[in-house]
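Fit chain B to the supplied structure of chain A, relying on the hints for placement.
Protein chains in written order, with our numbering: chain A, 1 to 154; chain B, 1 to 882.
Since the hints were made in silico from the structure, they are not lab data. Values in this document were obtained by computation on a predicted structure and should not be read as measured data. Glycine included, C-beta positions come from ideal geometry on N, C-alpha and C. Hints may contain errors.
Said to hold, decoys possible - Chain A regions said to be covered by chain B (calculated; three or more residues, Cβ under 8 Å): (1) 47-61; (2) 85-97; (3) 112-122; (4) 133-143.
As the list claims (entries may be wrong) - Examples of chain B residues toward chain A, derived with CB under 7 Å: (5) 15; (6) 56; (7) 70; (8) 828.
One-letter residues, chain by chain:
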Amino acid sequence: MARRQLSRQHDRYTLQTTELVHEAYLRLAGDPRVTQRGRAYFYAAAARAMRQVLVDAARRRNATKRGSGAAALSLDEQVGTVDAYADQLLDLDDALRELERRNARSARVVVCRFFGGMSVEDTAQALGVSPRSVKSDWALARAWLYDALRGGAG
Amino acid sequence: MIAHRSSDDGDAGRWAQLEQLFAAALDTPPEQRDALLESDCADVTLRAEVRRLLARHDVLASSSDQSEGFLASLDIGRAAQLLDAASSADTPRSIGRYEVVRRLGRGATGVVYLAHDPLLERDVAVKLLSADLSADHVGTLRFEQEARTASALDHPRVVTIYEIGRTDDERLFIAMAFHEGKTLRERIAEGPLPIDAAVRIASEIAEGLEAAHARRIIHRDVKPENVLLTARGACILDFGIAKIAGETLTRTGAALGTAAYMSPEQTRGAGIDERTDLWSLGVVLYEMLAGDRPFRSAGGEALVYAVRHDTPLAVDVKRPEVPRSLAAIVARCLEKEPSRRYASASELLHSLRSSAAATPDRRVREGRRWIIGAMTLLAICAAGAAVASRRDDLVRLTARGVTPTLSSGRAGSIALMPFTSVGDAGKHGYLTEGMTSEVMLQLASVPQLRVADPVALLIASKGGADVRTIAARLGTAALLRGTVRHADGRMLVTAELLESEHGKRLWSRSYDRPSSDALAIAEDIRREVTTELGVATPAQSAQRSTARARPDSAAYDLYLRGRFAYDQRTPAGLAEAGVYFREAIAHDSSFARAYIGLADVLQSAQESRADERYRRAKPLVARALALDSTLAEAHRSAGWMAMWYDRDWAAAERHLRRALALDPSNIWMYHSLAAYFSAVGRTEESLALTRQATAIDPVSSATATHIGLHLFWNRRYDEAIAVLEHALTVDTTWKRTHAVLGRAYLAVGRNDDAIRALRRTGYEYAAFSPEASLAYGLGVTGHTAEARDITDRLEQRARGSYVRPVDLVAAHLGLGDTARALDWAERIPDDRGSMIFVFSEPMYDAIRDTPRFRRVIARLGLPATAPRTTAQDRARAGVTRR
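So that you can see chain A by itself, here it is in the shape it has in the complex (with noise of 0.2 Å):
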C-alpha cells in the first residue's frame, strides 16, 4: 500500500511538473519566433523553474518542521528521507548561488544538465556555447560543487 501511494505522489508532481512544462512550452509555443534553438532556451527555462520549485518546497518543508505541528499525510517511514532530502536541495542551491557568483555559466550549466536532465547539446545549444566547454564546465562545476558540499577549504 505504500508503495501504491509513493506512486501516486510521484504521478501528482510529474503532472505538476509536467503542467509547468506544458504551460510554458503553450506560452513559448504561440510566439512564431521559435526555433530549434528556441526549443533549448525554453528546456533551460524549464529547469530554472524546476529548481525554483523544488526549493521552494524545501523551504516550506523546512520551515512546517520546525514549526506547529501541521498534519503530516506522509508516511511515517519516509520523514527522515524527506527531510534529508530537502536540506540536500538547501544546501545544493547555496553551494549553486556560491558558484554563481564565481562563473555563472557554469552554474547554469549545472542548472540544465542536473535540474533539466538536459544532454550536453542541448545545454550546449541552451547557453550559445560549445559542447566542449559545456563539457568542460560540467567537470570543473562538478568537483567544486562537490567540494563545497563537504565543507570547503581544508
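Just chain B, lined up with the frame of chain A:
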C-alpha cells in the same frame, strides 16, 4: 551547511585561471600534475584549491559508493515526495466544521480540498482562500457579500455554495457542493471534443450563465478550469469570486493568471457586463472544438494585444467538420464590440440549440478546407490500405486522420520515443537516428496501429514527465523507447514497451547485432509490439522485406551516413552524401538503395545543367530497378525522372503509383505523385493525395511545406498561409517554406509580408530559384527598380552560362513583360529538368491563353486545357498589382 569562501575570491580573473589550470591538469597524467601546477601557478592558495578540486574530480570519476550519482540526475522519486510533503504540510486537518479528506487542486485564488461535513453527513468541496487574499479585509468584506449573492443561485448548472466563513486563523473559505468529475480543462487536454459534445457543454454553461445573469451576477472568469463535467452535465464554479479576487490581487500586485479568456473590455478593466461572460464562453467553445485557443500569443502584453486587436482563425478552417453556422456562433461571441455579440445568454443558448438540431452529415463535405492545428495533429493513422484510387475514401480517411478522437481505438495506439544514444554518441548519432526511423517505418506500416506524433511527444517527454503523463497527453495505450550503444561496427539496442495505465513494462529486449542489422531489429520490434498490443500485422510487408537481400554491413553503414548527410539539405551535406553513396556502391555493387541515394544527390545539384544531371542519374536508377523491382524509392526516382526529364507522363504516373503502392507509409511517395498530378493539371487529385499524406506522416516542416504548396496550387491561399505559418513555428530554418509562403502572401495581397518572406528564401521553390521568386514578387508589388535589377542580372548571366528558362519567365512576368516571358517559355520544352507546372502555377494565368504558350504546352505533351479545372478556379487566380 556549506563553508563559504572568503569574499576576496569573487573575481572572474581568478576563476579563469582556475579553469585553465584545472583543464590543463586533467590533460596531464596524474603523476605529472604536481609538476605542472608548480610551474604554471605561482599563487599557492590557488594551487591548493586546484589540487583539492582535482582530488574531488578523481573521486567523482571513479565509481566509489560515496560519490556515485553525485549530480548525476535529479532523483525524481524523492523530489516527488518532497513536493508532496511540502504541500501536505500545508494541508489543514479541518476547515470550519468540515473535516479535510484530501487536496483536490489549486487555483489562482486558493486551494480546494475534499472535506466531509459531519453535521449534514455529506461530502463537500472547500476552497481555502490564500493568505494574502484572506488578509485583505476590504476585499473580503465585499467578497462575502458577493459570495452570499452567488450562494442564492440554486441551479443545476451552477455549483451550489453552502457556506462562507473564516477559519480560526482568519483564513477565508467557501464550502460548496462536491461533484465527482473532471474539469473541462482536463477533458480538453485529451484532445478536441466531438462537435455535439462541445455544443452540449457550451449550452449547459450558457444555461448556468443565463440563471446567474438573471440575478445580475456576472461570473467574470469563465474558463475550462472553472467548468466541472459531472454526471449531470457541466457545472460552473467560482461565481463572482474573480471580481473581488481580481481587485484584491491587483492591489496586492499579484497576477490573475492567464488573460486568454478575458474579453477586450476586461483587459481594459472597464465596461464589463453580462456579455463579458459570453466572450469567455466563446473562447471556451473555440477551444473545445479546435483543441487550442483563438489567441495564442506568448502571454502578457502580446496576449492582451491579440485579444484586443487580432482576428482569430475561424474554427471551421481549423476543423472542417465544424458547421459554418456553429463557426459563426463562435465568431459572434468573439466580437470585440460587446454590442455585436449576443445580447444575452438566452440568445446564445437559442442559437446553440438550433445549431445542434441542424448538424450536417459527419463526413467532410467534398473538397472543403482544413488546416493542421498546433496540437491537434497527434494521431497518425497508418492508413496504408486505401491508396490513391478511391477519392472519397481518401478524403474521409484524411478527415479522421487530421482530427483524432481519442474515444475510439485507444487500444492499438503507441507513442514511439526517439531512441537515445548511450555512451559516445558523437560519431554514431546517425545510427541511432536510423534505428528510430526504421522502427517508426515499421510501426507506421501496420494499419491498425496508431502512432503518435514525435513532435508532440518530444514536448511531452521533457521535464521528467513519466510514462503515464506522456501517454495521457497523447492518448496512447503504450509507449516504446530504447537505447542504442555503438562499438566497432556493432550495436547494442535495447527496447522496452510500457503500457500507459500504470507505466508497467510489457516487454523488453536487447539486441546485440552488427550495425547493419537495423532493419532486422526494427522488424523484430514491430512483430513483438504488435503481438503485445494485440494488433494484426500485415503479412505482405513482412514478406517483402525478407525478400530483399541484406546488404553488406560496411555498405549499409556508409549508406546510412549518406542519408543522414543528405537530409541536412545543405550543399556541404549533399557533397558528403555523394561521397558516401559512391563508397557504399563500391563496397556492394548490388545495394540498390545506394544507387538511388546517389541518383537523388545528382539530381539535387543545382549548378549543373538539368540534362547533365539526368544523363548521370538515369543509369543509376535503371540499375537500382534491375536489382530490386520492389524498391519503392527506385520507382519514385524513375517516375520523377520520367516526369521532369522525359516528360513521359504515362511512365511517370505508372512508376509513381507503383512507388506509392509499395510504400504507402512513406510521405515522399505521396508528395511525388501529388506533384505529378499538379504538373498535369489534375489538381483535385493532388490535393486529395496531399491530404491523405497528412494522415500518415508526423508533421515535419518539409511535409507541411509540401502541403502548403499544394494548397497554394489549388488556389486555397488562406489555408496555405495557415499551414505554412504553422510550419514555421516548428522550424524557421526550412527555407523553402518561406518561398511558398511568400507566393501565398502575394496571392492575398499581403505584399509586405510577401517580400519579406521571399527575401528569406534560400532554396528553390517548385522549380523557381530564390532570385526568380523574389524578382517576381518585387515586380508585381511595384518594386520595379529592384525587380528590373535582378532580371537584368539573370539575363546577363544567361548569356554566359546556364540559367533556367523558368526563372526568366518568372522574372519577366513579375515586370509584366509577357512578350519576353514567352520568349523564355518557348525554350522550356528543350530544356530537360525544367518543370513547368503549367496548370497549377498561378503566375502563368497571365499568359496561359496566349497562342504561344499553348504551343509550349503542346510541345510538353500536355493536354490543351487542364482536366477538371473549373472556370471559377481560374477566375479566382491571379495576383493583385499595385
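(request) Let me know if the C-beta of residue 70(B) comes in closer than 7 Å to any C-beta of chain A, holds or violated. (result) Hint on residue 70(B): holds, closest Cβ of chain A at ~6 Å, below 7 Å.
(message) Checking hints one by one. Is residue 56(B) an interface residue toward chain A, by the C-beta closer than 7 Å rule?
(response) Cβ of residue 56(B) sits 4 Å from chain A, so the hint holds.
(message) For the stretch 85-97 of chain A, count the residues whose Cβ lies under 8 Å from any Cβ of chain B; is that count three or more?
(response) holds (count 6)
(request) Count residues of the stretch 133-143 of chain A with a Cβ under 8 Å from any Cβ of chain B, then say if the count reaches three. (result) Contact hint for the stretch 133-143 of chain A vs chain B: holds, 5 residues under 8 Å.
(request) Apply the coverage criterion to the stretch 112-122 of chain A and chain B: a residue qualifies when its Cβ sits closer than 8 Å to a Cβ of the chain, and three qualifying residues are needed. (result) holds (count 5)
(message) So is the stretch 47-61 of chain A in contact with chain B by the C-beta rule, three or more residues under 8 Å, or is the coverage claim wrong?
(response) holds (count 8)
(request) With a cut-off of 7 Å on the beta carbons, see whether residue 828(B) makes it to chain A. (result) violated, 37 Å
(message) Just to be careful: measuring from the Cβ of residue 15(B) to every Cβ in chain A, is the smallest value less than 7 Å?
(response) holds, 5 Å
Checked against the numbered hints above, the structure breaks only hint 8 and satisfies the rest.
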